[in-house]
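2 protein chains.
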Amino acid sequence: MDIKQEVLQKAQSAFAAAAALRVAPDEQRNAALLAMAAKIRASVDEIKAANQLDMKAGAEMGLSSAMLDRLKLTDSRIEDMAVGLDQVAEFDDPIGEVLSETVRPNGLNIQRISVPIGVIGIVYESRPNVTVDSAGLCIKSGNASLLRGGKEAVNSNICLAKMFAAACAEAGLPQGCVEIIESTDRQGVQEMIRMDEYVSLIVPRGGHGLIRTVVENASVPVLKHDRGLCNIYVDASCDIQRAVPCINNAKTQRPGTCNAVENLWVHKDNIAALKAIVSDLQASGVEVRGTEAVCAVCEGVNPATEEDFDTEYLDMIISVDIVDSAEDAIANIQKYSSGHSEAVFTDDAAVARKFLSEIDSACLYHNASTRFTDGGQFGMGAEIGISTNRLHARGPVGIRELTTYKYIGVGDYLSRK
Amino acid sequence: MDIKQEVLQKAQSAFAAAAALRVAPDEQRNAALLAMAAKIRASVDEIKAANQLDMKAGAEMGLSSAMLDRLKLTDSRIEDMAVGLDQVAEFDDPIGEVLSETVRPNGLNIQRISVPIGVIGIVYESRPNVTVDSAGLCIKSGNASLLRGGKEAVNSNICLAKMFAAACAEAGLPQGCVEIIESTDRQGVQEMIRMDEYVSLIVPRGGHGLIRTVVENASVPVLKHDRGLCNIYVDASCDIQRAVPCINNAKTQRPGTCNAVENLWVHKDNIAALKAIVSDLQASGVEVRGTEAVCAVCEGVNPATEEDFDTEYLDMIISVDIVDSAEDAIANIQKYSSGHSEAVFTDDAAVARKFLSEIDSACLYHNASTRFTDGGQFGMGAEIGISTNRLHARGPVGIRELTTYKYIGVGDYLSRK
Numbered sequence: 005m006d007i008k009q010e011v012l013q014k015a016q017s018a019f020a021a022a023a024a025l026r027v028a029p030d031e032q033r034n035a036a037l038l039a040m041a042a043k044i045r046a047s048v049d050e051i052k053a054a055n056q057l058d059m060k061a062g063a064e065m066g067l068s069s070a071m072l073d074r075l076k077l078t079d080s081r082i083e084d085m086a087v088g089l090d091q092v093a094e095f096d097d098p099i100g101e102v103l104s105e106t107v108r109p110n111g112l113n114i115q116r117i118s119v120p121i122g123v124i125g126i127v128y129e130s131r132p133n134v135t136v137d138s139a140g141l142c143i144k145s146g147n148a149s150l151l152r153g154g155k156e157a158v159n160s161n162i163c164l165a166k167m168f169a170a171a172c173a174e175a176g177l178p179q180g181c182v183e184i185i186e187s188t189d190r191q192g193v194q195e196m197i198r199m200d201e202y203v204s205l206i207v208p209r210g211g212h213g214l215i216r217t218v219v220e221n222a223s224v225p226v227l228k229h230d231r232g233l234c235n236i237y238v239d240a241s242c243d244i245q246r247a248v249p250c251i252n253n254a255k256t257q258r259p260g261t262c263n264a265v266e267n268l269w270v271h272k273d274n275i276a277a278l279k280a281i282v283s284d285l286q287a288s289g290v291e292v293r294g295t296e297a298v299c300a301v302c303e304g305v306n307p308a309t310e311e312d313f314d315t316e317y318l319d320m321i322i323s324v325d326i327v328d329s330a331e332d333a334i335a336n337i338q339k340y341s342s343g344h345s346e347a348v349f350t351d352d353a354a355v356a357r358k359f360l361s362e363i364d365s366a367c368l369y370h371n372a373s374t375r376f377t378d379g380g381q382f383g384m385g386a387e388i389g390i391s392t393n394r395l396h397a398r399g400p401v402g403i404r405e406l407t408t409y410k411y412i413g414v415g416d417y418l419s420r421k
Numbered sequence: 005m006d007i008k009q010e011v012l013q014k015a016q017s018a019f020a021a022a023a024a025l026r027v028a029p030d031e032q033r034n035a036a037l038l039a040m041a042a043k044i045r046a047s048v049d050e051i052k053a054a055n056q057l058d059m060k061a062g063a064e065m066g067l068s069s070a071m072l073d074r075l076k077l078t079d080s081r082i083e084d085m086a087v088g089l090d091q092v093a094e095f096d097d098p099i100g101e102v103l104s105e106t107v108r109p110n111g112l113n114i115q116r117i118s119v120p121i122g123v124i125g126i127v128y129e130s131r132p133n134v135t136v137d138s139a140g141l142c143i144k145s146g147n148a149s150l151l152r153g154g155k156e157a158v159n160s161n162i163c164l165a166k167m168f169a170a171a172c173a174e175a176g177l178p179q180g181c182v183e184i185i186e187s188t189d190r191q192g193v194q195e196m197i198r199m200d201e202y203v204s205l206i207v208p209r210g211g212h213g214l215i216r217t218v219v220e221n222a223s224v225p226v227l228k229h230d231r232g233l234c235n236i237y238v239d240a241s242c243d244i245q246r247a248v249p250c251i252n253n254a255k256t257q258r259p260g261t262c263n264a265v266e267n268l269w270v271h272k273d274n275i276a277a278l279k280a281i282v283s284d285l286q287a288s289g290v291e292v293r294g295t296e297a298v299c300a301v302c303e304g305v306n307p308a309t310e311e312d313f314d315t316e317y318l319d320m321i322i323s324v325d326i327v328d329s330a331e332d333a334i335a336n337i338q339k340y341s342s343g344h345s346e347a348v349f350t351d352d353a354a355v356a357r358k359f360l361s362e363i364d365s366a367c368l369y370h371n372a373s374t375r376f377t378d379g380g381q382f383g384m385g386a387e388i389g390i391s392t393n394r395l396h397a398r399g400p401v402g403i404r405e406l407t408t409y410k411y412i413g414v415g416d417y418l419s420r421k
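Taken in order, these protein sequences are the chains called A and B.
To convert, count from 1 in the first sequence and add 4; that's this note's numbering.
To convert, count from 1 in the second sequence and add 4; that's this note's numbering.
Isolated chain A (complex conformation):
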């Protein structure tokens, strides 16, 4: 079967399954999730065997040890996937909620009701747990998923996705609720992002190159999870002692994540804060890259280039500059930010208000770490990613963000005047 045929067949199968899922009660969707959790727990050896094929191929391909580590499914990682499904099943049903209701003067009662999106195509790389996490969130929110994972994890992904399809069947839902594209040829991605007749949303999770390819070529709407080039501004008036650990947290807690800070802007009247932050970061092993002005007042700082401020390091590196004012900081942030998360540290309410209102990013913080941009931290439970879209959903994307709505108007044999 050629790739286009495979993608078309699976998109159609998922489309048919989505119609069944749309009217499936919460209990049935939860039963599919719990059946999958049980299958995972009963099939640890089978999953590890499939993963071994990927690990072996990965080693032969010369994947880095970091990549191989992300790929590897251990007993505890397998159990984590099952626990994740148990937790998703516990969430409140996001479907059928009355989001708003109005009765018009003519008596027409109009309700806006949450409904599933349909078929969600997910394009992702490397870690095989994404297969289970994503399909689980889709099932909970009444959506079928069309999965297309990375080549490195193909055996693990196919094993898990087929197990999930079987779990759906056990719960009386179509197997097509979870479809996986087995071909890892890039053409598969190109095909799926053009099938707007069957696929309602594409969620690309991966590097900037993948995201741009999808955005530029998709006819299906895209919910993108793009770069996190996060910024922090330290104002003239802030509690230095209390700000220092927050900035350390934003940079070092998990430097490889999209909500880690990459650029730091410090007010010229707060060189004391600058020095304290820089030496604290350096003590944690962070390479500080600074402009000339920063190098002039801090020790051990490497010179920063313009390009550094435009780089998502995802590493123990930070770019630092001194600004003349909050306006200046805001202008710089608007220039370099990817619209993900930014924070201001200040005790000046007017500066905070200005920062929070003028900067146009998905998540803005006052006296809090950018690391809070996360579904769990927001109280959403699990998330499928962090949206850098402006539309439909911004920031953490949980099960509610995987729904849309429809209007239901009820009248007593009403005509329009």
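Hints are all accurate, no fakes.
One copy or two, either will do: identical chains are not told apart, so a pair holds if it fits within one copy or between any two.
Taking lysine-lysine and the DSBU-like style, the derived pairs with C-alpha atoms no more than 35 Å apart in a straight line are:
1) K43 to K8
2) K43 to K76
3) K52 to K155
4) K166 to K52
5) K52 to K421
6) K166 to K358
7) K155 to K43
8) K358 to K43
9) K8 to K155
10) K358 to K421
11) K421 to K272
12) K8 to K166
13) K52 to K8
14) K421 to K76
15) K155 to K76
16) K155 to K60
17) K166 to K339
FYI, nobody ran anything at the bench for these hints, they're computed from the structure.
Dock chain B against the given chain A, drawing on the hints supplied.
Positioned in the frame of chain A, the structure of chain B alone reads:
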């Protein structure tokens, strides 16, 4: 200046203006709307002179009298545009609303706040009032607009858009808040729908061909206003006498609109209703096209082809078939519907529930005309169109649907655990 240059320059100008609009208070946005209304009222002759150029060119191009009528700006149509702006200025501010708020166990206060989308590109055809209506709704919701109207109305559109830009300047906002692409070469559309760096949303208003071109080629997200292939199902149990005028209303009140019904499905046990509806429609001058089963029981019905049920007539024509059951009607509607609006007429609550839950269209009605799908009827005030998207906004798109949101997290020097 070549077309690409023109579009780029205007997109950048609108992008810069959007940053100013984002933080402009409601009073300032309203001042721009009212200044534009005043300008319109003071410039009736100027507007009519520009419109005359279009009317003359249109007559030379051989536009139909219906097209010429849509193009024509009369005194009353010009006053309607001004009144429309007055009304939009009266709406509640859709920006800065706290949509939800939560305090996390660690003390982080998270608010979800409504914000403007940014630059909205609007591609439209013929009627010049769309220039004023669309730009007005964008200004009210804090968005800059990048307009690209049809060739037929180019002089009227440019005249109105420039007047609006000047009105913005009078209110202390950048002229770039309303930009119009003057070139009517099709390449202009191709350029603007690829400028995702500056344009956040494209709203195409026009025929199915235009919509498909935009969906297939845009890198900017699209809020489409596609066909309205609306369906009505008349169940076995309904109040025939009261249903008949509702169905007449859905077909004949304004047959050229997207919420007019095109296909009618009647339960086989309600031939009395079928006959009453058909003869009532015929008495109103509607051409009824029916399947063999319909022709066998109703007089004066022309034979319908499969293609008829897939056609948005936008005219005094309706396709009719008899179905065996509600399931059968639902399956047919899912097959032919464009996901816009459908109605069921029944006194059986179970049938109504099934219809409303299983059909996956933007607006569903029980015992009410499909004609209610309209911003005014929904109590939204003016609308920019009816979305047939599944995402971001479905159904009538008013000023609230022209907003998105951001999260603001406030802590007391909080780090993530």
